[in-house]
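Spelled out, the chains give:
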Amino acid sequence: MNSPERQFNALTSDQDKSSNEIKKTTEAVDELRPIIETETSMSYLGVKLEKAEVRDSQFVPKTEQYEDFINDKEVALPLQRDIAVAFLNGEPLLIEGGTSLGKTTTVRKMAAELGYEVHYANLNGATDVEDLMGRYIPNPYKNKPEDPEYIFADGKVTSGLRQEEGKIKIIILDEFNSAAPNILIRLHEVLDALERGGDVILSEDASESISVNKEKTKIVALMNPVGKGYLGREPLDPAQLRRWVYKKMPPELPVSTFSYSTDSLFGTELESQYITPDMFLKSREDALTLEQLPEIPGMREVLEKYKEFHKAAKELVKSRKIAQDQSQPFTYDDRMEPRRVRDFVLRFYNGDINETFQQALRYYYANKLESDVDRKKLEELIRLVEYKPKVADSKRRGIEGEEKIAEGPIGQHIEVAIEKLGKENVFGPKEIEKVFGVKIKDVPDIPFSVEELERAKNLNQMLILRVDKTAEGKPMSIKAMSDMLDKKWKDEGKGRLLFSAECWRNLLYKDLLTQELPRTGWALVSKDILPDSLNKDYLKQTEVIIKTLKEEVFKDLDIPEEYAEAITEFENKKAKIAEFMDEDLTETAQELSELKITQLTRQTSAEAIYDLAVYYDINNKKLLADKLTWSVSLDPYRHLVYLGRFDSEGLSYDDWYPNGLSDDIGVCLSRRL
Amino acid sequence: MSKTNDKTSIEKFLSSLAGSKEVGLVIANNQIEYKKFAKILHDLGFHKSDNVTDILKVKKTYFTINQNTEKEVYDFVVQYPTGQIEIFDKKIMQSHIFSPNYKDSAVVLLVDQDSLNKLQAKGFNFLSASGPAYRS
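Listed in order, the protein sequences are those of chains S and U.
Counting in the working numbering, the final residue of the first sequence is number 673, and the numbers go up one at a time with none missing.
Counting in the working numbering, the final residue of the second sequence is number 809, and the numbers go up one at a time with none missing.
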């Protein structure tokens, strides 16, 4: 997602900018292409690698071997991108993952495209360092008495290390965690030499040293997970891992990748893979210099937050709050990770320090984690590594006796939101406490950028923090809200929350009132019905939502992946839903309710009530006084619930089939991440 | 990795291997079966290779393995699906590079159960590294 720091182009010349504009059309098309080949380069999700000048070698794999290689978006493409980053930065890469992921094949396929030599060594069962580093053998070329009896012959690794004009070589160390300890020690000496850019002393030769260069030799180690059916693998010492950029992959293909790959193999019609812009990294044509780093706006602030992040991430690993189930222990190294992050920023800074830094942290920190749950935990920390440009000094700030909005960075973020949306449209922990008496200990960060908040203002939206528990820790159900606020409002003469006529009984009897809860987190919610959504059936309303997202909310911004996927899902299913809508109304209602786009952009009935109640309680004004919003909720009869007409009698509810339409039923856009 | 373990005949199994991008594995329960399978392989036109570097010289080939089999056979099996095979000859310290031509080719490993167990225990996971497998 674009963030406001895009405006800082201190390191982009005017000439570059105009050149960028000229290229805009081509780039727009290229953005859809995950792999781009030119005569001299290959680009893997935006990471550009130069091809070798000399490609004519038996060690270079043949491209025709990979004609049926499947570039799926979950495994193969991100893997190629990450390998490309390691190659570009000259970092040794250690990939752990199951055999079915095609790790070796992927490296060889890239080598074929790039014209790089592959020098392969499988370390399983290998005990002899000399096989890798070289040894003296009887001279096969001896035909004169003066010829030496023995000559030194390179091993597999040595041949990969030797520099040859125009050639680039990859050393693959397969089944790395099956290697004998003496081999690991020797290989780590090689890695240290590569990192230093020095020489590898061939102790096996006792005389020669090989000058090594990480620009010319790339090292990729591959290993299967310890345990999980892989015999003979021992976890590596975490101290040894520090030399590697360690990438943890799943033990087997994710279900969706398996399905996509299988469909590809059988040539059946494929659902389009939506390659989202956030999958791309754009490498710079020229890396920044160290002197340019301090010139990046926000660098100092981001750096301070990065230090906190590193410490927190280390603690999470140490306390086994993440990576608990991973058999290969690791740590985040105090010296290596910051250096790698710095080199990444030098190579990939794109004018947005937040985006670049966060991508680096995903690459060097999150990539070491296997489970999505762990990655999400770390992602929460990554998002905090952020520079926020100073907004105009708040009038509220610094006033004596003023209550603090919240502790720490989140307090600052809320202040920025208030600056952008106005105090009357931001309902954070302080307001929620006032309305429901709930004290929120861990306030989640606001997942929206300053730019999005600015747009929200134009879209007449409010920002609200939803919680799913009452002050007593009970579920924040519709009934709980109603009981709580009816009592409170009675004292204040503000009326009731729910219209207590027949219409609510249906819900009450069917338990929806007591079971449906708001989904926790921040949401941007329209304070009124989207104007074009009135007098439209549920399907057409969804089209209005998507139009609003594309043309207003995300205009000229990268659409977040979950939204992009949700839109694609809707586009794929829309025609079929329309066709069968009249045939089976309840089935269609259920299908519409379960659509990702519905879940992301419509309120549940509990959320609509929560949002309207909070706004009214704080501002003493009622929203949706004469309109109704169609929610995501289904009642027990699988009818879609709509609610509103929040007048002096309270909120009304009813339900309908999805093909219904009325001039007072529309939809409020409610956006979560 | 798909494993075939039904009661189809070995002949059917072997005929299904043509064009496979993985090495097939035929597991004999005992030495009698081992010899029987070797004969069937021979009768069906599979050429027995004694050296890893010979495996790709003919379209249909098989290689027998036992607990003393050289590591290079394992290296071959692991690399076969990757589009390129590098076999390193330790005696002359030279690499031999092969590009498998999968079309109509079939490579089979023949092993008895006891040897397979011992190889697996040594860390050479042929069951995982190979593709389709047959056992009577």
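Treat the hints with caution; some may be incorrect.
[To be verified] Covered stretches of chain U, going by a simulated chain S footprint (3 or more residues, C-beta under 8 Å):
| no. | stretch |
| --- | --- |
| 1 | 740-748 |
| 2 | 752-766 |
| 3 | 791-797 |
No lab work stands behind these hints, which were simulated from the structure alone.
Computed from a predicted structure; not experimentally measured.
Glycine residues also receive a C-beta, built at the ideal position from the N, C-alpha and C atoms.
For each hint, the structure was consulted:
Counting residues of the stretch 740-748 of chain U whose C-beta lies closer than 8 Å to any C-beta of chain S gives 3; at least three are required, and the coverage claim holds. Check on the stretch 752-766 of chain U: 11 of its residues sit with their Cβ under 8 Å from a Cβ of chain S, so the three-residue criterion for coverage holds. Given a C-beta distance limit of less than 8 Å, the hint that chain S covers the stretch 791-797 of chain U holds, as 5 residues qualify and 3 suffice.
In summary, this structure violates none of the numbered hints.
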